[in-house]
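2 protein chains.
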Amino acid sequence: MKRVAIIGLGLMGGSLALALRQAGAAVHIVGCGRAELLRRALEKGVIDSGFVDAGEAAAECDLVVLCTPVETSIKLLAQIAPRLKAGALVSDVGSTKAAFAAAARKIFGTSAAERVLPGHPLAGREVSGLENASAELFAGCVWVLTPLGVAEDPLSRSGKGRLNVAPDSLQRELREALEAIGARIVFCTPEEHDRTLAYTSHLPQMVSTALALTLERAFGAGNPALQVHAGGLRTMLRLAGSEPAMWEQIAASNQQNLAAALEALEAELRGLRESLGSAEFRTSFEQAREFAKLLKK
Amino acid sequence: MKRVAIIGLGLMGGSLALALRQAGAAVHIVGCGRAELLRRALEKGVIDSGFVDAGEAAAECDLVVLCTPVETSIKLLAQIAPRLKAGALVSDVGSTKAAFAAAARKIFGTSAAERVLPGHPLAGREVSGLENASAELFAGCVWVLTPLGVAEDPLSRSGKGRLNVAPDSLQRELREALEAIGARIVFCTPEEHDRTLAYTSHLPQMVSTALALTLERAFGAGNPALQVHAGGLRTMLRLAGSEPAMWEQIAASNQQNLAAALEALEAELRGLRESLGSAEFRTSFEQAREFAKLLKK
Chain W
0 MKRVAIIGLG LMGGSLALAL RQAGAAVHIV GCGRAELLRR ALEKGVIDSG
50 FVDAGEAAAE CDLVVLCTPV ETSIKLLAQI APRLKAGALV SDVGSTKAAF
100 AAAARKIFGT SAAERVLPGH PLAGREVSGL ENASAELFAG CVWVLTPLGV
150 AEDPLSRSGK GRLNVAPDSL QRELREALEA IGARIVFCTP EEHDRTLAYT
200 SHLPQMVSTA LALTLERAFG AGNPALQVHA GGLRTMLRLA GSEPAMWEQI
250 AASNQQNLAA ALEALEAELR GLRESLGSAE FRTSFEQARE FAKLLKK
Chain U
0 MKRVAIIGLG LMGGSLALAL RQAGAAVHIV GCGRAELLRR ALEKGVIDSG
50 FVDAGEAAAE CDLVVLCTPV ETSIKLLAQI APRLKAGALV SDVGSTKAAF
100 AAAARKIFGT SAAERVLPGH PLAGREVSGL ENASAELFAG CVWVLTPLGV
150 AEDPLSRSGK GRLNVAPDSL QRELREALEA IGARIVFCTP EEHDRTLAYT
200 SHLPQMVSTA LALTLERAFG AGNPALQVHA GGLRTMLRLA GSEPAMWEQI
250 AASNQQNLAA ALEALEAELR GLRESLGSAE FRTSFEQARE FAKLLKK
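Chains W and U are the protein sequences, given in the same order. Taking numbering that gives the first Met the number 0, the leading residue of the first sequence gets 0, the next gets one more, and so forth. Taking numbering that gives the first Met the number 0, the leading residue of the second sequence gets 0, the next gets one more, and so forth.
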């Protein structure tokens, strides 16, 4: 790809720019962000040129990747659409995909599937910002791509998480570039992505946050009793340190799936509570351990 | 201390024996366990002599530490009591303290506070067994001691987690030995310990287990959709890999406190679910993040 625009130069955008450059997958990288951020990104050699306006950054590019929170990316997609050159491809890195996909279908109509290939690298960190960006962020991570032309759920159906689409050459180039920066590509529909992530990503986050709230309510933040804890608690509270603004957008754009996942977890907790002291409790623990072991492999 | 008995040679007992020896805190270490375990512990130099019978192991020792699960330790306490030499001190490493303390008060009556000083090192691991024992297990860990003669809650009252008891010389020797192996001693009552640990240790474990059960029910163990997850999920499922038999005993011996903690967490999860998409959601996330940050310090 000759010219790639990275819209948003936070942890994700900055890391993607660095990784694409390191892999030699882009000739010229255009950045978009606030003026001060552009200055720093240029200084560090993260980007080759920069624009404050997303439309100007996107113009003349072969690939445009929106690296902003979900709701922002949806707004920017409408904004850059009229400025894209013929045959340019748009992707994103948003944490939910159905709302972005719906916006893409609305904006691009029947050509949405060719023009937009939504994505989501599962490479979250508790840190954020360009200063934490790294060319290695995506090494070994799963990068979900959710083609817009597919109605069924390829992930559940194929049993392999692979989809036999015949993408046009730029979509193939994007895939090759992502593989070159170390990502492992998995295909599914936007809707399947959001249903799955509600359980595998958003729910773990909610649990950590709810655990922190429970402890704060029980003890108050400065209570010396809180020193009586082991590493397990710190592990379980790690995610609670994540960025509230980002999670507000994720939760808002995946409300229904997340509410279902939360209800399911509440039921399991109630089940454990009601089985305290009974044989069922041990059975549940054994079942959970088997599952946790399988996932580790 | 001249002669110390370690009853139970799993991860905890084995590590304690190794650590006491390394710190030069015991002249002779007697082990107690199954014959095969004694053979291995003798071979590895973990213990100096061994007995299958706990009463025989405890006889003639200055300090006896019960390193078995809570319910087993309660049974063994009754069994070794008549064999203890005059002035000998008994301690334990059980994960809950009120049930063990009650047993000690029943068995030793008015001399319970001198004869038994219950303890709990917060040094859990997901691995177990003598083969994983290490002299370094307790380096930097909090070791709670719950003196039986104290009625109030020193931890909440003092604000420092320190108790001004004037222990007899053997109790002081035990404390010094634990500090010599790297532990940080915190005093509280057995009841306060169990209330606190229900939130800071048992609840995080239940959450991890319930999360595993929720995912298994939603997907089934072999579902390819489960590959679509990030490191956060693996982190949150780490504790779910813990030993079911141990947790069955912990939960059974701390049912009331744990049920209250679980109910509190269920309420927080319900609160988050009902606030999805509202401003309250963001506020909760910010509050949780502040708390998580404070705990890290």
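A couple of the hints might just be wrong.
Note that identical chains are pooled: a pair holds if it fits in a single copy or bridges any two copies.
Stated by the list, open to error - Simulated crosslink set (SDA-like; lysine to any residue; CA at most 25 Å straight-line): (1) K43 - A98; (2) K292 - A24; (3) K1 - A22; (4) K84 - N222; (5) K292 - Q226.
Bear in mind the hints are in silico, worked out from the structure with no lab data behind them.
Which numbered hints does this structure break?
-> 1, 2, 4
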